[in-house]
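Enquirer: Single-letter residue listing:
2 protein chains.
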Amino acid sequence: MPVKEKKKTKRAAGQVGTLAAKVIAGERAALAQAITLLESSAEFHRADQAELLKVLLPESGRSLRIGITGVPGAGKSTLIDSLGREFIKRGSKVAVLAIDPSSSVSGGSILGDKTRMELLSREPHAFIRPSPTSGMLGGVSLRTREAIVAVEAAGFDIVLIETVGVGQSEIAVRGMVDCCLLLMLTGAGDELQSMKRGLMELADILLMSKSDGANAEAAERLSTEIKLVLPFLRPFTPGWTVPVLLASALSGEGVPELAQSALSFRDCARASSQFDAQRRAQNEQWFEERLSFELKRKLFAGDTKRAERYQALKSALQQGASNVVDAVEELLSQA
Amino acid sequence: MPVKEKKKTKRAAGQVGTLAAKVIAGERAALAQAITLLESSAEFHRADQAELLKVLLPESGRSLRIGITGVPGAGKSTLIDSLGREFIKRGSKVAVLAIDPSSSVSGGSILGDKTRMELLSREPHAFIRPSPTSGMLGGVSLRTREAIVAVEAAGFDIVLIETVGVGQSEIAVRGMVDCCLLLMLTGAGDELQSMKRGLMELADILLMSKSDGANAEAAERLSTEIKLVLPFLRPFTPGWTVPVLLASALSGEGVPELAQSALSFRDCARASSQFDAQRRAQNEQWFEERLSFELKRKLFAGDTKRAERYQALKSALQQGASNVVDAVEELLSQA
Chain F
1 MPVKEKKKTK RAAGQVGTLA AKVIAGERAA LAQAITLLES SAEFHRADQA ELLKVLLPES
61 GRSLRIGITG VPGAGKSTLI DSLGREFIKR GSKVAVLAID PSSSVSGGSI LGDKTRMELL
121 SREPHAFIRP SPTSGMLGGV SLRTREAIVA VEAAGFDIVL IETVGVGQSE IAVRGMVDCC
181 LLLMLTGAGD ELQSMKRGLM ELADILLMSK SDGANAEAAE RLSTEIKLVL PFLRPFTPGW
241 TVPVLLASAL SGEGVPELAQ SALSFRDCAR ASSQFDAQRR AQNEQWFEER LSFELKRKLF
301 AGDTKRAERY QALKSALQQG ASNVVDAVEE LLSQA
Chain U
1 MPVKEKKKTK RAAGQVGTLA AKVIAGERAA LAQAITLLES SAEFHRADQA ELLKVLLPES
61 GRSLRIGITG VPGAGKSTLI DSLGREFIKR GSKVAVLAID PSSSVSGGSI LGDKTRMELL
121 SREPHAFIRP SPTSGMLGGV SLRTREAIVA VEAAGFDIVL IETVGVGQSE IAVRGMVDCC
181 LLLMLTGAGD ELQSMKRGLM ELADILLMSK SDGANAEAAE RLSTEIKLVL PFLRPFTPGW
241 TVPVLLASAL SGEGVPELAQ SALSFRDCAR ASSQFDAQRR AQNEQWFEER LSFELKRKLF
301 AGDTKRAERY QALKSALQQG ASNVVDAVEE LLSQA
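Sequences listed follow chains F and U, in order. For the first sequence, the numbering used here begins at 1 and goes up steadily by one. For the second sequence, the numbering used here begins at 1 and goes up steadily by one.
Keep in mind the hints are simulated off the structure, nothing from the lab. Any given hint could turn out to be false.
Unchecked claim - Quick list of the computed label-pair ranges, beta carbon to beta carbon:
{"no.": "1", "chain 1": "U", "residue 1": "Ala21", "chain 2": "F", "residue 2": "Phe44", "range": "48 to 56 Å"}
{"no.": "2", "chain 1": "F", "residue 1": "Gln33", "chain 2": "U", "residue 2": "Pro243", "range": "50 to 58 Å"}
{"no.": "3", "chain 1": "F", "residue 1": "Glu118", "chain 2": "U", "residue 2": "Ser40", "range": "56 to 64 Å"}
{"no.": "4", "chain 1": "U", "residue 1": "Glu284", "chain 2": "F", "residue 2": "Phe44", "range": "23 to 31 Å"}
{"no.": "5", "chain 1": "F", "residue 1": "Thr304", "chain 2": "U", "residue 2": "Pro238", "range": "36 to 44 Å"}
{"no.": "6", "chain 1": "U", "residue 1": "Pro243", "chain 2": "F", "residue 2": "Thr241", "range": "42 to 50 Å"}
{"no.": "7", "chain 1": "F", "residue 1": "Ala321", "chain 2": "U", "residue 2": "Gly302", "range": "31 to 39 Å"}
{"no.": "8", "chain 1": "U", "residue 1": "Ser40", "chain 2": "F", "residue 2": "Glu308", "range": "56 to 64 Å"}
{"no.": "9", "chain 1": "F", "residue 1": "Ala281", "chain 2": "U", "residue 2": "Glu330", "range": "37 to 45 Å"}
Unchecked claim - Below, in silico cross-link-like pairs of lysine-lysine (DSBU-like), each with a Cα-Cα straight-line distance of 35 Å or less:
{"no.": "10", "chain 1": "U", "residue 1": "Lys54", "chain 2": "U", "residue 2": "Lys314"}
{"no.": "11", "chain 1": "U", "residue 1": "Lys22", "chain 2": "F", "residue 2": "Lys305"}
{"no.": "12", "chain 1": "F", "residue 1": "Lys54", "chain 2": "F", "residue 2": "Lys305"}
{"no.": "13", "chain 1": "F", "residue 1": "Lys314", "chain 2": "F", "residue 2": "Lys298"}
{"no.": "14", "chain 1": "U", "residue 1": "Lys93", "chain 2": "F", "residue 2": "Lys314"}
{"no.": "15", "chain 1": "F", "residue 1": "Lys305", "chain 2": "U", "residue 2": "Lys54"}
{"no.": "16", "chain 1": "F", "residue 1": "Lys54", "chain 2": "U", "residue 2": "Lys314"}
{"no.": "17", "chain 1": "F", "residue 1": "Lys22", "chain 2": "U", "residue 2": "Lys314"}
{"no.": "18", "chain 1": "F", "residue 1": "Lys298", "chain 2": "U", "residue 2": "Lys298"}
{"no.": "19", "chain 1": "F", "residue 1": "Lys314", "chain 2": "U", "residue 2": "Lys89"}
{"no.": "20", "chain 1": "F", "residue 1": "Lys305", "chain 2": "U", "residue 2": "Lys305"}
{"no.": "21", "chain 1": "F", "residue 1": "Lys54", "chain 2": "U", "residue 2": "Lys305"}
{"no.": "22", "chain 1": "U", "residue 1": "Lys305", "chain 2": "F", "residue 2": "Lys298"}
{"no.": "23", "chain 1": "F", "residue 1": "Lys298", "chain 2": "U", "residue 2": "Lys93"}
Stated by the list, open to error - Reference listing, derived: stretches of chain F covered by chain U, where coverage requires no fewer than 3 residues with Cβ under 8 Å from a Cβ of chain U:
{"no.": "24", "stretch": "51–58"}
{"no.": "25", "stretch": "310–323"}
Cβ atoms here follow ideal geometry from the backbone N, Cα and C, with glycine treated the same way.
Chain F on its own, in the form it takes in the complex (with noise of 0.2 Å):
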C-alpha cells in the first residue's frame, strides 16, 4: 500500500509548525529531527521542508559562520573541539555541521564518529551534525545551507563548518559562510602539500596547527615563509590584512586569539559592510541553487525510471559511452 505509507511520512497538518516552534525554543531532538528533514530528497517532503524553512528563516541570520578548510590530517576536527569549546566559554552556543561535495561515493557522514570531537561534543551548549550524504539530485551545498538556517534558528551564534572533502568543498565552503579560516599542516614533512592550490587565497585567517612539542619550530618557520608569500596575494575580503596565527588544539596555547580575531574580523567586515554584501551574494547563490534542485526533483517525481536513467547515464558520460546532448534530451522526453 504504497499511498498509506507516503502518508506516514508525510506530516500532518500543524505538525510542521510543532516542530518548528521547538527548534526555535532550542529543543535538540526536535533541530535534528529539522535538519533530516531539510536534508530530504523525497518529493512527498517538499512542501513540509518548505514551510519549515519559512518559520525558520525570519529567525535565522545571526550567527557568525566560520569555514575551517585544510588538507585531510591538518587537524580540522581536533582543532574545532577546541576552538568551539573556547566560544562557548565566551558565552556562545556553537553548532558543527560540515559539507563534502565528495560523498557521492564515500557516504559521507565522517562526522558521524562523535569521538572526533570528545570534548566539544559533551557540551550542553554545543550541537555537532554529520555531513549529509548527498542524494542522488546532489544538492550537498544546498542542504548544509538550509541547516545553518535551522541551527541559527535554533539560537546557535556561532556555526563552524567543516570541509571533509577535497576540492570543491573549499569553493562550496566560501559561498556560505561570513569568515574562512585554513588550517595549514606542519611537522608532516613535507608543509608544502598544505598550501594546496586554491586554499590560500579563499582564506581571511590562516592558522599554522599542531603548533606543539616538536612541531612548535617547523610552525614557526612555515609562520615565517608564509608571512613571505603573502602580501603576493590578495586578500579575499578587502579592507581585511589577513592574519598568520600559530595554535595547538591540544595545549589550548593560542586558540583564544584564535577566537578573537574570527570576531575581530566579524567586527571589520560589517564596518565596512562587506559582511552584508557577501551574505546577500551568498543568498542570491542559495536561490539559484534551490530553483535548479527542486526543478530536477519536480523532474524525478513519482519517475523512479526516469531518476534511473539519469544516473545511467552520467555513468555513460563518465565512460564516454554517450554524449551530452542526447542525455540531456532523453531525460526530458515525454517531462
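We have chain F; now place chain U onto it with these hints.
Expert: Chain U only, in chain F's frame:
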C-alpha cells in the same frame, strides 16, 4: 500574428542539416550562424539547437583548448593576436572565443571590436567570435562550451578562450579548457595586483606578458619572484611542471616558445591520460549545466509573466527584500 513569426524564426526541416553540413565543410558564415543559433535562449530554437549539436558532436573534440586568463590590462587580446598567428604559421586553424560570466550587466561583446586583434582577424585561418551576451537564464558557460563544439566541427584545431570578466571567469574557463595560460602584468606599478587570488593556482603556464622595452627588467624581476612562490603551489595538472615564460606580443619575442610550451603540455597530459580524464569530467559538468538550463527554459517557455517575476525576485533578493524559499516557491507554483 505571433504564430507566423514563430514559424519564420524556426528553421524548416532539413535546414539545420544543411547548416551543419556547411559548418563541417568549414564555411565561415555558416559557422557564425550556427553559433548564433546555439546562443539563443528562445524556446522555439530548442529542437534546432539539439539537432545541430548532434550532427556537429562527432566532428568535434580534436582541438587543443587553451584558456587565456589575467587581470584586465594584462594584454590578453594583444597576446592572442600574436599567439594565434604563431599557431597559424605552424599550420593550425585558430578560433578565438570569449567567456564573460559577468556580462549579464555589461552585455559582453568586448571582443566585438575586431581591431583589438587586428592582424589575427585578417588571417583566413582565424575565426574570432565576440563573447556571448548572458541571456536571462544565464548559461554563459554553456554557450561557450557549445561554441567550442561548433568551431571544432568546422576544423579549427586550436581554440583560444579569452576570459573577459573578472572573478568567476577563470573558474568557468578552467572547466572547459585543456590548458590554462595566465598572463602576469609587469611594469604596471603594482605588480602584486596581477597575482590575483586563485588565478595562479589554476594555470598550467605562467607568462610575463609585455616583457619589452622599459618593462623587460620588471618582467625578469617578477619572473624571479614568481619562481620563488611557485614551489608553494601544487600544479593544477598532475605530472606537469608549470613553466614561467617571458614574452612580448609587440616584438613577438617569446611567442614561439609559448606556443611550443602549450603543445608540450598537451603531449604530457595525453601521455599521463590526464587529458582525457579532464575532458570526461568537463562533459559531466556540461551535462549538469545543460540539464539545469533546459529545465529553466521549460519553466519559462511561453510564460512571460513568470520570466519577469524571476528577474524581479532576483533583484528583490539582492536588496534583501525577499527570501529564497518564498522566491523559489512562487516561481514553481502552477508550473
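Enquirer: Would you mind marking each hint as holding or not holding in the structure?
Expert: Hints and how they fare:
Look at Ala21(U) against Phe44(F): about 49 Å separates their beta carbons, and that is inside 48 to 56 Å. In this structure the supplied range 50 to 58 Å holds for Gln33(F) paired with Pro243(U), their Cβ-Cβ distance being about 55 Å. For the pair Glu118(F) and Ser40(U), the beta carbons lie near 58 Å from each other, so the given range of 56 to 64 Å is met. Between Glu284(U) and Phe44(F) the C-beta distance comes to about 29 Å, which sits within the given range of 23 to 31 Å.
Range check, Thr304(F) to Pro238(U): Cβ separation about 39 Å, and the 36 to 44 Å hint holds. Taking the beta carbon of each, Pro243(U) and Thr241(F) are about 32 Å apart, not inside 42 to 50 Å as hinted. A C-beta distance of roughly 35 Å is found between Ala321(F) and Gly302(U), which places it inside the suggested range of 31 to 39 Å. Restraint check, Ser40(U) to Glu308(F): a C-beta distance of roughly 32 Å breaks the suggested window 56 to 64 Å.
Against the hinted window of 37 to 45 Å, the Cβ-Cβ separation of Ala281(F) and Glu330(U) comes to about 21 Å, which falls outside the hint. Using a Cα cut-off of 35 Å, the hinted pair Lys54(U) and Lys314(U) holds, with the two alpha carbons roughly 34 Å apart. Pair hint Lys22(U) plus Lys305(F) does not hold up; C-alpha atoms about 39 Å apart against a cutoff of 35 Å. Distance restraint check for Lys54(F) and Lys305(F): the Cα-Cα separation of roughly 32 Å lies within the 35 Å cut-off, and the hinted pair is therefore satisfied.
At roughly 19 Å between alpha-carbon atoms, Lys314(F) and Lys298(F) fall within 35 Å of each other, so this suggested pair holds. Between Lys93(U) and Lys314(F) the CA atoms are separated by roughly 33 Å; this keeps the pair inside 35 Å, and the hint holds. For the hint pairing Lys305(F) with Lys54(U), the CA-to-CA distance comes to about 24 Å; that is within 35 Å, so the pair holds. For the proposed pair Lys54(F) and Lys314(U), the alpha carbon gap of about 18 Å is at most 35 Å, so the pair holds.
Simply put, Lys22(F) and Lys314(U) have alpha-carbon atoms about 32 Å apart, close enough for the 35 Å limit, and the pair holds. Distance check on the hinted pair: Lys298(F) and Lys298(U) sit about 12 Å apart at the alpha-carbon level, within 35 Å; holds. Note on Lys314(F) and Lys89(U): the hinted pairing is violated, with a Cα-Cα distance of about 40 Å set against a maximum of 35 Å. For the hint pairing Lys305(F) with Lys305(U), the CA-to-CA distance comes to about 33 Å; that is within 35 Å, so the pair holds.
With a C-alpha separation of about 24 Å, the suggested pairing of Lys54(F) with Lys305(U) holds against the 35 Å cut-off. Distance hint between Lys305(U) and Lys298(F) is fulfilled; the C-alpha atoms sit about 21 Å from each other, no more than 35 Å. Between Lys298(F) and Lys93(U), the direct Cα distance comes to roughly 44 Å. Violation of the 35 Å bound is thereby established for this hinted pair. Under the rule that three or more residues need a Cβ within less than 8 Å of chain U, the assignment of the stretch 51–58 of chain F holds, with 3 such residues.
Under the rule that three or more residues need a Cβ within less than 8 Å of chain U, the assignment of the stretch 310–323 of chain F holds, with 7 such residues.
Checked against the numbered hints above, the structure breaks hints 6, 8, 9, 11, 19, 23 and satisfies the rest.
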